[in-house]
Amino acid sequence: MTAPKEPNSARLSDRQKDVIQKFAALGSLFVLIVVFSLTSNAFFTVNNGMTIALQVTSIALLGIGATCVIITGGIDLSVGSVLALAGVVAALLVKEAGFPVWLGMLGGILTGSLCGVVNGILITRMKLPPFIATLGMMLIARGVALQITGARAVSGLGESFGELGNGALLRIITVGDDGFPTVVFPGIPYPVILMVVIALAVSFMLNRSILGRHIYAVGSNVDAARLSGVNVTRVTSFTYILSGTLAGLTGCVLMSRLVTGQPNEGVMYELDAIASAVIGGTSLIGGVGTISGTAIGAFVIGILRNGLNMNGVSAFTQQIIIGLVILVTVWIDQLRNRR
Amino acid sequence: MRKLAQGGDFMQTGQATHGGTGAPTAERRRATEQGSETLLSLTDIRKEFPSVVALADVSFDLKRGEVHAVCGENGAGKSTLMKIISGVYTPTSGRITYKGVERQFASPLEAEQLGIAIIHQELNLVPHLTVAENIYLAREPRRSFLVDRRKLKADAKACLDRLGVAISPDRLVRELSVAQCQMVEIAKALSLNAEVLIMDEPTSSLTEQETRLLFKVIHDLKREGVGIVYISHRLDEMAEIVDRVTVLRDGRYVATDAFADTSIDQIVARMVGRSLEEKFPERTAQPTDEVIFSAENLTRRGVFSNVSFSLRRGEILGFAGLMGAGRTEVARAIFGADPLDAGRVTLEGRELSIRNPRDAIEAGLAYLSEDRKAQGLAIKMPVDANMTLANLKALSSRLGLIDFDRHARVTQDYVDLLSIKTPSIRQPVRLLSGGNQQKIIIGKWLFRKSKVMFFDEPTRGIDVGAKFAIYKIMDELAREGIGVILISSELPEILGMTDRVAVFHNGRVTGVLETARTSQEEIMRYASGFGPTQH
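Those protein sequence lines, which keep their order, are chains A and B. Counting with this note's numbering, you get residues 12 to 350 for the letters of the first sequence. Counting with this note's numbering, you get residues 26 to 560 for the letters of the second sequence.
Note that these hints are calculated values from the structure, not bench results. Some hints could be false.
[Stated by the list, open to error] Listed below are the simulated DMTMM-like cross-link pairs for lysine to aspartate or glutamate, each with C-alpha atoms no more than 20 Å apart in a straight line: (1) B/K398 / B/D225; (2) B/K178 / B/E165; (3) B/K474 / B/E505; (4) B/K176 / B/D195; (5) B/K398 / A/E107; (6) B/K405 / A/D344; (7) A/K138 / B/D363; (8) B/K405 / A/D234.
Next up, chain A with everything else stripped away, as it sits in the complex:
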């Protein structure tokens, strides 16, 4: 009489656990917001909200790529360097080769894709472990970025180069009686729009398309996927190309915000990206992960940084706190999976 009940109750509690996990992450995000709103007046304002969203963009964009890679059971350590390379390529194309801004940026993004293609070949064709392949790419891409710029920032790019990173949709500015413009509503920054659109698109791809299903299948059991006719090479390569492309895009956005090509930009960003995925419940063993989780993870990191800043917590202490957050969330996840 207990036997037929067993799977039923197991399923329910499994689903409940999933819901609890989602709410736990969202809940802690909420708690963070409340706490920081109480401790700092400047925190809970439209302006600061937009600032956070803008800061989160780069972590989230890289995190989306990292999530897809990690679901297949891989890892991409190269994105921080790739974004620097992509950004300086875009800047150099505009400044040295005289490309229009949009074409230069497209060149930057494609540079990121190309790095992803190389990663994919190293991993699927040459059978290198993803950790090693992308570690190599991390050093190479950074080296190339420093080499082609002579380790100097590329500046003097013109105002239009900054449009993507600094512009906003629906920005309302009134010109007061004194002739000075006042910002009534800061608008929704373009990078934030970009982040939302890409998150929705990739989430849709993962949940609704054959490709998405194959990505999960490869991560869950690569042999079973191959014996079921999944083109493992193509699926795996795709995730690295996506990750590289998003790194390229992130690079263009970041350099556009600075209106300079910075070859030293993005150091250690790959770890933020991985951390956001992991905080959001993506399993490093593969087969498990969602974009919504990663988005929450990215906001947890972004809000922690911003809120701690506003409260005057030193950068060193911030690192300690974020490190602890990663350890605790993954530990909770482990506890949950052990049951």
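Chain B: place on chain A using the hints.
This is chain B only, laid out in the frame that chain A set:
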């Protein structure tokens, strides 16, 4: 009918050769003397998990020098009971007495120190260390703070010698066969002075000869007074070594009998709670003359050579042979999972050119691997995702977006068709039983409209009731014109289910036999590389 009779024959011969347990009287006397002492006893054991009662009122005892088998279908509570004996779980209620002292084992380590060792179905050795290092792992003999390598080797050799197995203590474990690894595990248990040895499905991946050797070792251990708890799905082998048998069903105790006083049919009936008159369903499919699939001179250098066979519509063709004879390797190569150096493969008169599993699936072949968890299923994914994995295109728009309504309907259709027991099609497959997992894989290939299906050990680790269902499905597939190839190490299964048998030895087909006109002995002769009988 004929097959049943043969199946029965097999059982009887099985019992005749070893059934007398033709032990010398001296040995038997000693066994009974020792047998009087109860080593371990469990009384009214109950184990509850948050949502389920895994064991209720189970009692079990083990005497010195006996082999006590525990039987039951998957989910009957065998492994929970073993985990309680070996200290992994603490029972919710009940008494455990070991060597006359009532005890609660706090951890597996404590149980091990007291002399209770378990040999898991999945062996727990470190592949990159030597045999000796594995036997004494974490308790290496020391000379001051260094490992005393000479003593380590000598002690390990002594353990292995005691078992009478010729494995060098210096070999790396990853170079050993499964059977040899098992011997190393037993040696390790002996080095711990284990008095209770729990063996979980020890023969599931052994060849006939290796099983013989294992049984010899078990006999020796009995003589030395070790009590052995023996779990196996292979009831036919038990006659050779088992003294008593306890049956569990749905977490409850059913009965304990001296093996000599019971029969396999009675044990099976107790396990399933009803009597199974037949182990194999009546074959309804009639082979036609039309050849739907044929292989000619398949060769993969160093693995198999010149393998040829043909399969007729409506027929079930068996692949028999010892482990490592090349049966699985041939199937995998045909399927494009491994490279093929030479040979022709023809399906429905058309020659196929297969470079990878995708080509094979596209052509209409299906391979159901012997290791479901490692190669057959995406274990974390739900039933529906596994069922449709090989044929998502059929459920998707041109842009590659999945139509989830049809996706759910198709899955439900196959769940119904194959009577898959699952609370929902969204249930992760790792939570289902082995039989239901196997049915999901079958469903996956049916939905792909496969024309020829290779079943590689389809009933391994599956309980009796589910085996019957799988056999029935295979028969129905054959009747509907799907070519079925059954790769099996269990000869009764080959005799009970196939129309013809291709026997493999050392990477070659040594004979293709009509099942109706052959016998277990003849197949074994071909499988051992001896040609046809010299009557």
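Does the alpha-carbon distance linking B/K474 and B/E505 stay inside the 20 Å limit?
holds, 12 Å
Between B/K405 and A/D234, does the CA-CA distance stay at or below 20 Å?
Holds. B/K405 to A/D234 sits at ~14 Å (cutoff 20 Å).
Sort out whether B/D195 lies within 20 Å of B/K176, counting only the CA atoms.
Given pair B/K176, B/D195 holds - Cα atoms ~13 Å apart, limit 20 Å.
Does A/K138 pair with B/D363 here, judged by a C-alpha cut-off of 20 Å?
The given pair, whose Cα atoms are some 17 Å apart, holds under the 20 Å limit.
For the pair supplied as a hint, B/K405 and A/D344, is the alpha-carbon distance within the 20 Å limit?
holds, 16 Å
For the pair supplied as a hint, B/K398 and B/D225, confirm whether the alpha-carbon distance does not exceed 20 Å.
holds, 18 Å
For a C-alpha distance cap of 20 Å, please report whether B/K398 and A/E107 respect it.
Distance ~56 Å between B/K398 and A/E107 Cα, so the pair is violated.
Does the alpha-carbon distance linking B/K178 and B/E165 stay inside the 20 Å limit?
It holds: about 10 Å lies between the C-alpha atoms, which stays within 20 Å.
When held up to the earlier numbered hints, the structure conflicts with hint 5 and nothing else.
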